[in-house]
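In order, the protein sequences belong to chains H and F.
Residue numbering for the first sequence follows this note's numbering, beginning at 1 and increasing consecutively.
Residue numbering for the second sequence follows this note's numbering, beginning at 1 and increasing consecutively.
None of these hints come from the bench; they were simulated from the model.
Keep in mind that the hints are not guaranteed to be accurate.
Said to hold, decoys possible - Result set (DSS-like, lysine-lysine): computed pairs, CA atoms no more than 30 Å apart in a straight line:
id, chain 1, residue 1, chain 2, residue 2
1, F, 284, F, 78
2, H, 274, F, 330
3, H, 271, F, 330
From a predicted model like this one, the values you see are computed outputs, not experimental measurements.
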Amino acid sequence: MSQWLKGLLVGGVVAALVTLVAAGEWQGASRSSPPIARMADGKPNLNGIWAANNAANWDIQTHKARQGPVIALGAAFSVPGGMGVVEGNEIPYKPEAVAQRDANGKDWMTKDPEVKCYLPGVPRATYMPYPFQIVQSTEPNDILLSYEFASASRIIHMSTNQESPTDTWMGWSNGRWDGDTLVVDVKNFVDQTWFDRAGNYHSDALHVVERYTPLTPDVIQYEATIEDPNVFTRPWKMSMPLYRRVEKSAQLMEYKCVEFAEELMYGHLSKQPKQ
Amino acid sequence: MRKTVLASIGVAGAVVTLAWWMSAPLTGQAQGATNPDKAGEKYVAPHTAWGDPDLQGQWNSQTSTPLERPQSGTLAGKDTLSEEEAEGLESANIARADGPPPAGDPGTYNSFWFDRGKGLSRTSLITDPPDGRVPAYTPEAEQRLAAARAERATRGPADSYADLPIWPRCITRGWNGIGSNYSSNTQIFQSPGYVVILQELIHESRIIPLDKRDGLPARVQQWLGVSRGRWDGDTLVVETRNFDPRASYRGSSPELLLVERFTRVSPDAIDYQFTMHDPKTYVKDWTVARPMRRETGKITIFEYACHEGNYAMEGILAGARLEDKEAAAKR
């Protein structure tokens, strides 16, 4: 073998090795997430418009697609299948509560508070098919969660963790940081909100602990631990990623749905009811 | 529940009581930022970590001072009140609210139930024009409003839910400058690029982007319009357009340009003013100054779930149908 050929071979092997190493480094870089955004006080910056982009509002458990309830809407409003968001895919209902859940699910069009544009409660507001905005300042200011659906909102009390004077639809939220995770303790709920359109429900003893953990600048891992000794035999957990609406033009639009529910709720009391 | 009932009463216009309650002379007319707590000293507003003037916190703008200056009585022609005048008016109004209703009137809540807030040393919230009155309507607006009244008169007071004002329908109470008989509470939140005004009534978040983005097409109308904000020195200026015609305030048209100005003038006060620019409706612009005071202590913004307990709506409609039946029986 000529020196020239040897040189070419060695050079080729070295070049290949360099390429491999470079590729490996590049892959390594893509595997480790880009650093998350931070506020001036060092806390993760969760500001932005977020959406779950899953089928949990239909059913938080794994479910298949099925015919929708309005025949006239055909494929446009039938139910998409979806992977569940519940850990282990099992909700630990007490035996007597299962019947209530089944009855809710069977009659969801008349019973689901979403249909009437009622405030959706927590955690459901998070994974409804509408975006929400997190408005976060530096400490000790409170954090606002503003949801598009029904103009719902809730204050996460950061500086003055207080007790709620009464039960509410969106609950009373007290927040704190656990490392890079925003932990929100939510209680003082009324018993009239649901978890989904499948009829999964709770009582006024509901206690939710949410964890918002940024994974990348554009993804938050959301986790909610549900506790309600009146309905469930043990605490259970749901989790899902929340995705940032990255387009510059993103903004919450008004969805003041009261006016979309009025005919349904009060039409029968009109002087000339619509047919 | 109580507030839902209050809401329907408020809308029904059953109560228009003006309790004049003299307080610290917050004129709300600060030119620049003059600290009312320390006369003559220029107040410098704090800034957020990212450099915006800091308006955050809980604020209340409840006041018993009426929008317009009365045209008759002792206040006609006056722009400010003496302390004696204010006290006299306050006790007269409380006595009227707490007294028995006129014969045939079922009455309404007394002074205990309303939170009318403190009165200002002005006789009207309108600071411009100087007469403290909403300017005259243009001929076009007169025509438009007359047509709307004529159309409304073709139906009874509650033929349908849509015949009721947006207050008892629990849709919105409009932007925070309009105020209410109670709970005119707001909490201001800020993040880089945004100011958000959370109104207790009715759980509204006015999300105001500061990034100079475009507005929305004129046909995209919203109950609270579409707001865009900017800083003018330490003053937040918010311009809002695209109002839903059903959200008309004082006869305004969908072409209303609402310009609001928020200026911190002391640790515990924001000078809040808004100007109604709607040449299709008013012969000239008009400006309201409605000071915001910091809520201190344990007071916080509460959930105002109006629609969820709106028994008044069913009651009003069912009552109207009963009256229809009785009227038909008499014929």
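Problem - Hint consistency between residue 284 of chain F and residue 78 of chain F [alpha-carbon to alpha-carbon, up to 30 Å] - result: 21 Å, holds
Practice task
Quickly compare the C-alpha distance for residue 271 of chain H and residue 330 of chain F to 30 Å and report which way the hint goes.
Solution key: Distance of about 18 Å is within 30 Å: holds.
Problem - Agreement of residue 274 of chain H and residue 330 of chain F with the hint, judged by alpha carbon distance not exceeding 30 Å - result: 26 Å, holds
Figure legend: structure checked against the earlier numbered hints; every hint is met.
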